[in-house]
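A.B. asks: Following the hints, complete the assembly by docking chain Y with the ligands onto the known chain P.
Take a look at the letters that make up each chain.
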Amino acid sequence: MNIIVCIKQVPDTKDVRLDPKTNTMAREGVSSIMNPFDRHALEEAVRIKEEAGGTVTAISMGPPQAEAVLREAISCGADDGVLISDRAFAGADTWATSYTLARAVSSLGNFDLVLCGKQAIDGDTAQVGPGLACQLDRPYVTCVQKIRSLADGEMIVERMMDDGYDVVRLPLPALLTVVKNINEPRVPSLRGKMKAKKAEIKVLTAADIGAEKQCIGLAGSPTQVVSVFTPPPRGNRTVFTGTVEEQIGQLVERLKAYL
Amino acid sequence: MLIVDKEKCIGCGVCEENCAFGAISVVDGCAVVNDNCTLCGACVETCEPGALNIEGAAKETGAELGEWSGIWVVAEFRHGGIAPVSFELLGIGRTLADQRGVPLSAVLMGSGVEEGAGLLIASGADLVYVVDNPELEYFREDVYGRVLEELIRARRPEVVLAGATAIGRSFIPQVANGLNAGLTADCTQLSIRSEDGMLLQTRPAFGGNIMATIVCPNSRPQMATVRPKVMAPLEPDPARTGEVILVELDDRVYRSRVEVLESVRSEQDNVNIQEVEILVAGGRGLASEKGFELIRGLAEELGGAVAASRAAVDSGWISYPHQVGQTGKTVCPKLYIACGISGAIQHTVGMQSAKTIVAINKDENAPIFDIATYSLVGDLFEIVPLLTRRIRENRGK
Ligand SMILES: Cc1cc2nc3c(=O)[nH]c(=O)nc-3n(C[C@H](O)[C@H](O)[C@H](O)COP(=O)(O)OP(=O)(O)OC[C@H]3O[C@@H](n4cnc5c(N)ncnc54)[C@H](O)[C@@H]3O)c2cc1C
Ligand SMILES: Nc1ncnc2c1ncn2[C@@H]1O[C@H](COP(=O)(O)O)[C@@H](O)[C@H]1O
Numbered sequence: 020m021n022i023i024v025c026i027k028q029v030p031d032t033k034d035v036r037l038d039p040k041t042n043t044m045a046r047e048g049v050s051s052i053m054n055p056f057d058r059h060a061l062e063e064a065v066r067i068k069e070e071a072g073g074t075v076t077a078i079s080m081g082p083p084q085a086e087a088v089l090r091e092a093i094s095c096g097a098d099d100g101v102l103i104s105d106r107a108f109a110g111a112d113t114w115a116t117s118y119t120l121a122r123a124v125s126s127l128g129n130f131d132l133v134l135c136g137k138q139a140i141d142g143d144t145a146q147v148g149p150g151l152a153c154q155l156d157r158p159y160v161t162c163v164q165k166i167r168s169l170a171d172g173e174m175i176v177e178r179m180m181d182d183g184y185d186v187v188r189l190p191l192p193a194l195l196t197v198v199k200n201i202n203e204p205r206v207p208s209l210r211g212k213m214k215a216k217k218a219e220i221k222v223l224t225a226a227d228i229g230a231e232k233q234c235i236g237l238a239g240s241p242t243q244v245v246s247v248f249t250p251p252p253r254g255n256r257t258v259f260t261g262t263v264e265e266q267i268g269q270l271v272e273r274l275k276a277y278l
Numbered sequence: 004m005l006i007v008d009k010e011k012c013i014g015c016g017v018c019e020e021n022c023a024f025g026a027i028s029v030v031d032g033c034a035v036v037n038d039n040c041t042l043c044g045a046c047v048e049t050c051e052p053g054a055l056n057i058e059g060a061a062k063e064t065g066a067e068l069g070e071w072s073g074i075w076v077v078a079e080f081r082h083g084g085i086a087p088v089s090f091e092l093l094g095i096g097r098t099l100a101d102q103r104g105v106p107l108s109a110v111l112m113g114s115g116v117e118e119g120a121g122l123l124i125a126s127g128a129d130l131v132y133v134v135d136n137p138e139l140e141y142f143r144e145d146v147y148g149r150v151l152e153e154l155i156r157a158r159r160p161e162v163v164l165a166g167a168t169a170i171g172r173s174f175i176p177q178v179a180n181g182l183n184a185g186l187t188a189d190c191t192q193l194s195i196r197s198e199d200g201m202l203l204q205t206r207p208a209f210g211g212n213i214m215a216t217i218v219c220p221n222s223r224p225q226m227a228t229v230r231p232k233v234m235a236p237l238e239p240d241p242a243r244t245g246e247v248i249l250v251e252l253d254d255r256v257y258r259s260r261v262e263v264l265e266s267v268r269s270e271q272d273n274v275n276i277q278e279v280e281i282l283v284a285g286g287r288g289l290a291s292e293k294g295f296e297l298i299r300g301l302a303e304e305l306g307g308a309v310a311a312s313r314a315a316v317d318s319g320w321i322s323y324p325h326q327v328g329q330t331g332k333t334v335c336p337k338l339y340i341a342c343g344i345s346g347a348i349q350h351t352v353g354m355q356s357a358k359t360i361v362a363i364n365k366d367e368n369a370p371i372f373d374i375a376t377y378s379l380v381g382d383l384f385e386i387v388p389l390l391t392r393r394i395r396e397n398r399g400k
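Note that the protein sequences, when read in sequence, are chains P and Y. The first sequence begins at 20 in the working numbering and counts up by one. The second sequence begins at 4 in the working numbering and counts up by one.
Pulled out of the complex, with its shape left as it was, chain P reads as follows (with noise of 0.2 Å):
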């Protein structure tokens, strides 16, 4: 099995915040983490590999910091990492970051699954998985919680609805994103550390991949951002006082129109 992840650095949402007093968007130093659903996918690729053998290949579509994911990746046990990076990237939407994937994919040579994670939490679109798995001309399945078997050529899994959960037949190669229950990540060893340490990070530019320029980056995405704004604020709080009773009863006074 050759697996592909695709994995985001993400700014840690923990560093950024909301100043209620200035209404805008407070940082404390700049850190960046691999994004929470990515490392899920990374788990369950490395779980298939250590089950059914073949190599776990890391990829990672970002400016040259983004390095240290794919570092992070290999210590959980991922065999190689590659930076897809070139400032002509710069400024992509998911059409154009799907584009440039799939172009990196193809240029790695043949893949038998790529795992993606649900959604990248910066910008929470989740459209980056499927916008690939179309790239690619491979059939997908959004949110699996569970691979339920996985052998000659095609796959069962479960994938999560709104509503419950469907059981899904498909053909390998394919791709799938994932979500959060489908496995406990490890945490890295001491030895995958050290290999993470000394591992060769391969970057891949626009022109290694073959990547025509009408579609990558700015010039590449067909939406475009007119603005950014802080959200209003949110309206008038009452802290309530008085006994747990007289609280309460306050409480009740004012959602009336819910009742």
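None of these hints come from the bench; they were simulated from the model. Certain hints may be false.
[To be verified] Only pairs whose alpha carbons sit at most 27 Å apart, straight line, appear in this in silico DSS-like list of lysine-lysine:
| id | chain 1 | residue 1 | chain 2 | residue 2 |
| --- | --- | --- | --- | --- |
| 1 | P | Lys275 | Y | Lys358 |
| 2 | P | Lys275 | Y | Lys337 |
| 3 | P | Lys165 | Y | Lys332 |
| 4 | P | Lys275 | Y | Lys365 |
[As the list claims (entries may be wrong)] Some chain Y residues flagged as far from chain P (calculated, every beta-carbon gap over 12 Å):
| id | residue |
| --- | --- |
| 5 | Gly32 |
| 6 | Asp101 |
| 7 | Glu292 |
[As the list claims (entries may be wrong)] Per the computed footprint, the stretches of chain P lying under chain Y, defined by three or more beta-carbons under 8 Å from a beta-carbon of chain Y, are:
| id | region |
| --- | --- |
| 8 | 74-83 |
| 9 | 140-151 |
| 10 | 197-203 |
| 11 | 244-250 |
| 12 | 254-267 |
All C-beta atoms, glycine included, are put in the ideal place defined by N, C-alpha and C.
C.D. replies: This is chain Y with the ligands only, laid out in the frame that chain P set:
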């Protein structure tokens, strides 16, 4: 490119502090951008002197913009019913269509769905395209995607809206990719720009810390998924009239590489917490699975559903589909009652747009109180049962 206007830059460093990627720094009194810049735009807004600008043209797709007309809403049908978000989409779709002076159409796909068309018309649609085929009984990305893509190519709507649900967010991106169209996920506001009639799509980013307004200048259709419970549905009017068009498609469209073996509705998870008006949520403060009985009691009394923090889910007290937050669901109910939840940012990003938030916590410094409309400091084991009883009494009156 992120362009720094050297004349305007005062070297204050606000952009440096606000960049989530460490891509900008002040050198010799002027902002300098490095390779880490992802053009996210967060700095542009914080720059008071207006020295930062993102320049560059959006993708040229060669779409003849004028040939695309009409607003479409993708209705979602599963397990015998139309999802509530579909009616919310018709509500906002009606406003957009009237502003543009074009018809509002709904697309209804599934098996045995034809009857639903009347309801969609009563709720605002002028036209309903019905694709009724046994192959559509179960949701499959490839088939649903191809059907919609086929319809769009043949009829060329300027706007296509779908619910930001498990189904919508799963197959709409494929359609957008296939059509070379722009797609904005999980929008919370939609409007028409008066100068040129373009769709302004506004959505939260960075966990709701900033809002971004997005347009698709050169591609068609303009596609968006819309967060459930944000838009208001119209009051259904059975007297409204509209046209139902039964669409027959080539068999090839229904061919799939994917097979659904089973579709399981879970008793406990049956309630989609994104689609209800009132949520009562429990966290680690409930101390045990039994604690959730209190939450359930209050939720039932209010006619709402039960939600949870990740701590409660990870403790095994309740299942994952109930989890709210960064790695769970984003919800937008009218009323959210947080019981024994501290209000970690990873939780609040998933619920901070609720209309009214009530927080019950014994720690007066819990961050949940920073965003709560009504705060009760105290023991939930005392407060929740009493509150449940008071509400029952109040209803009795
Ligand atoms: C990558 C990542 C993703 C995450 N994603 C999510 C997510 O999607 N959703 C999510 O919720 N969290 C998420 N978290 C976890 C989040 O950071 C918090 O740990 C979690 O939300 C805490 O849950 P809690 O508020 O229930 O528990 P705690 O933080 O332990 O808070 C319990 C609260 O209950 C109060 N309490 C205790 N006893 C009582 C009582 N008798 N009466 C009244 N109050 C009482 C306490 O004062 C305390 O404030 C994520 C974390 C990470 C790192
Ligand atoms: N720049 C990127 N590099 C690698 N993988 C990505 C990138 N962007 C998105 N992905 C993958 O696509 C998933 C969904 O991302 P998104 O559509 O941005 O929410 C993520 O969980 C990743 O697996």
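A.B. asks: Each hint should be assessed against the structure and marked as holding or not.
C.D. replies: Against the structure, the hints come out as follows:
1. P:Lys275 / Y:Lys358: holds, 14 Å
2. P:Lys275 / Y:Lys337: OK: Lys275 of chain P and Lys337 of chain Y at ~13 Å, within 27 Å.
3. P:Lys165 / Y:Lys332: Measuring from Cα to Cα gives roughly 18 Å; hence the hint holds.
4. P:Lys275 / Y:Lys365: holds, 24 Å
5. Gly32: holds, 21 Å
6. Asp101: holds, 23 Å
7. Glu292: holds, 17 Å
8. 74-83: holds (count 3)
9. 140-151: holds (count 11)
10. 197-203: holds (count 3)
11. 244-250: Coverage by chain Y holds here, the residue count being 7 at a Cβ distance below 8 Å.
12. 254-267: Answer holds; 10 residues pass the 8 Å Cβ test.
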